[in-house]
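Build the full structure now, drawing on both the sequences and the hints.
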Amino acid sequence: MKIPLLSDSVSAGFPSPADDYAEENIDLNEHLISNPFSTFFLRVKGDSMINSGIKDKDLIIVDKSLTAKPGNIIIAMIDGEFTIKRLSIKNNELYLKAENHKYPDFSFRNHIDIQIWGVVIYSIHSYL
Amino acid sequence: MKSKSSSTEAIALIDANNFYASCEQSINPNLRNKPVVILSNNDGCIIARSPEARALKIKMGIPYFKVKESLNNLGVAVLSSNYSLYGDMSKRLMNLLKDYSEKIEIYSIDEAFISILRPKDKNLNPWARKVRCLIYQNLGITLTIGIAENKVRAKIANNLAKNIDSSAGIFDLARIYNDNDYLRKISVEKIWGIGKQTSNWLQSKGIKNAKEFRDMDEDEIIKKLGIIGKRLQMELKGNKCLPIEIIKKPKKEIQVSRSFGKPITKLEDLTQALAIYAIKASEKMRSQSLKSSAITIFVRTSHYSNHPYQKSAYKKLINATDNTSTILKTVIALSKEIYTPEYKLSKAGVLMQDLTNCKYLQQSIINYESQEKSKKSIRLMKTIDSLNKKFNNEVITWAITKKPQEWAMNRNSLSSGSTTDIRKIPNIMI
Chain A
1 MKIPLLSDSV SAGFPSPADD YAEENIDLNE HLISNPFSTF FLRVKGDSMI NSGIKDKDLI
61 IVDKSLTAKP GNIIIAMIDG EFTIKRLSIK NNELYLKAEN HKYPDFSFRN HIDIQIWGVV
121 IYSIHSYL
Chain B
1 MKSKSSSTEA IALIDANNFY ASCEQSINPN LRNKPVVILS NNDGCIIARS PEARALKIKM
61 GIPYFKVKES LNNLGVAVLS SNYSLYGDMS KRLMNLLKDY SEKIEIYSID EAFISILRPK
121 DKNLNPWARK VRCLIYQNLG ITLTIGIAEN KVRAKIANNL AKNIDSSAGI FDLARIYNDN
181 DYLRKISVEK IWGIGKQTSN WLQSKGIKNA KEFRDMDEDE IIKKLGIIGK RLQMELKGNK
241 CLPIEIIKKP KKEIQVSRSF GKPITKLEDL TQALAIYAIK ASEKMRSQSL KSSAITIFVR
301 TSHYSNHPYQ KSAYKKLINA TDNTSTILKT VIALSKEIYT PEYKLSKAGV LMQDLTNCKY
361 LQQSIINYES QEKSKKSIRL MKTIDSLNKK FNNEVITWAI TKKPQEWAMN RNSLSSGSTT
421 DIRKIPNIMI
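Going line by line, the protein sequences match chains A and B.
Per our numbering, the first sequence runs over residues 1 to 128.
Per our numbering, the second sequence runs over residues 1 to 430.
Do not take every clue at face value.
Claimed, not checked - Derived DEER-like restraints, expressed as beta-carbon distance ranges:
| # | chain 1 | residue 1 | chain 2 | residue 2 | range |
| --- | --- | --- | --- | --- | --- |
| 1 | A | Glu81 | B | Pro51 | 17 to 23 Å |
| 2 | B | Tyr136 | A | Pro36 | 17 to 23 Å |
| 3 | B | Asn17 | A | Leu94 | 27 to 33 Å |
| 4 | A | Glu30 | B | Glu245 | 28 to 34 Å |
| 5 | B | Tyr309 | A | Glu30 | 49 to 55 Å |
| 6 | A | Glu30 | B | Gln255 | 29 to 35 Å |
| 7 | A | Glu30 | B | Glu212 | 52 to 58 Å |
| 8 | B | Gln203 | A | Leu94 | 57 to 63 Å |
Source of the hints: derived by calculation from the structure; they are not laboratory data.
Computed from a predicted structure; not experimentally measured.
Backbone N, C-alpha and C define an ideal beta-carbon position, used for all residues, glycine too.
Set out below in structure tokens:
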């Protein structure tokens, strides 16, 4: 993921005055990921988070070192499956909210096998 | 027997439980809390088991074909080994551990020795609990932590942590006032550094466990086992003899070798296999800025064969190189020297030797390659490597690899996911 920030296109003749300056690259890893050893990539299949802006086929970046807080979008393991939901709070009780009215919310009370796997820090959507 | 616990520096041996199976379970929720086994290369034997698979009494090292049916009946998930996943998780684990101590010796893919200062109250259990907790949260991997005054005793502490249920994965041997009962639990062959032969000799002397070895006559140990045996005994007594080795020794050679899925009898197939290994080895060298000036290739029959055969061939190169074409030419020429039609060949490999770092490389005086040509080849290799990296795997490769590879390795029970290849990262169905 290296995008050249500065590149000289002088092909002949005099050397570019910019040549003396080291070429810098924007490294998205460096800017988006602060804990590389606990960060993982996942691919989204489905539309249950559509209202939050996370769409089908999006690439999401998950940091497992963060402790989930209400309001965070999180990856949870529920009954042997990964799921992505918003960790929310209602009447002083935590639950997992789907960002699409067609899908049910999950209460921690009704599911024994729920484990929060990591906190979503970015989603990457392709417009092509 | 009180050991020297006045020292404030402690050694911890940290290892990951059921590492390969844990890696798979960690990125695939479907495998969690289920029996999982991992097969060796070529789907040969069981080399790792999740705790659930251990509970089913599935044995380590057993050939897969013998238990295939019963595993299926028991509903055990069977996976081929996925070393890129294990390697990546290992790298993550070791780097996370570095946050706790700069003095860390990576001992194997899933084990590390760490040097850590004891707090004033001498109690390292809160620290160890924190490390276990953090690694579980970050990687989904459970650790066992053995703590002691030195490496040999830290290994023993780790063993005790695994086998004493109430230890919760942590055991500090240095804080045990009388460790006789604990050392008695460790049979001599389990002591780090004691091999089969030494263990047999000790048994014949009536020395069965670590306590008896520690209390054995020093002179007898020196006479038979020399200074190495003496050091082991000293460490068992609580002295520190073996330092933490932080600096990794530079690699002296790079080897790529694999067993074939089917035995090879044709020269054509052997050459193709060796060519593929040579291409891999060249890539590995370039990724570490190394050049080689000698190549060995080898081939052998199966260990179980009634007609064993093995042969190797060696060639010294005039100039150190990392150029795939040059290396391929040499390997293809050498392959004729080790080929024989009379045997069923089951494994071959390529060894790149006399490695030097490109940065310090001296050009040989008899360098006939013109500078321009050499620059061109460097650019070509760079382009190929970056394209292959960008598109994951061999978009650009050599023609010899493109014929059907009938001998290629079996990986029928393919592993689930990847943390390093974007096309194979886990999906979340939502």
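Okay, the hints, checked on the actual structure:
1. Distance hint check: the CB atoms of A/Glu81 and B/Pro51 are about 21 Å apart, consistent with the given range 17 to 23 Å.
2. With their beta carbons about 19 Å apart, B/Tyr136 and A/Pro36 fall inside the hinted range of 17 to 23 Å.
3. At roughly 30 Å, the beta carbons of B/Asn17 and A/Leu94 sit within the given window of 27 to 33 Å.
4. Checked against the hint of 28 to 34 Å, the pair A/Glu30 and B/Glu245 passes, with Cβ atoms roughly 31 Å apart.
5. Our hint of 49 to 55 Å for B/Tyr309 and A/Glu30 holds, since their Cβ atoms are close to 53 Å apart.
6. The hinted window of 29 to 35 Å between A/Glu30 and B/Gln255 holds, with their beta carbons roughly 34 Å apart.
7. The hinted range of 52 to 58 Å is satisfied by A/Glu30 and B/Glu212, whose Cβ atoms lie roughly 56 Å apart.
8. Range check, B/Gln203 to A/Leu94: Cβ separation about 58 Å, and the 57 to 63 Å hint holds.
The structure shown violates none of the earlier numbered hints.
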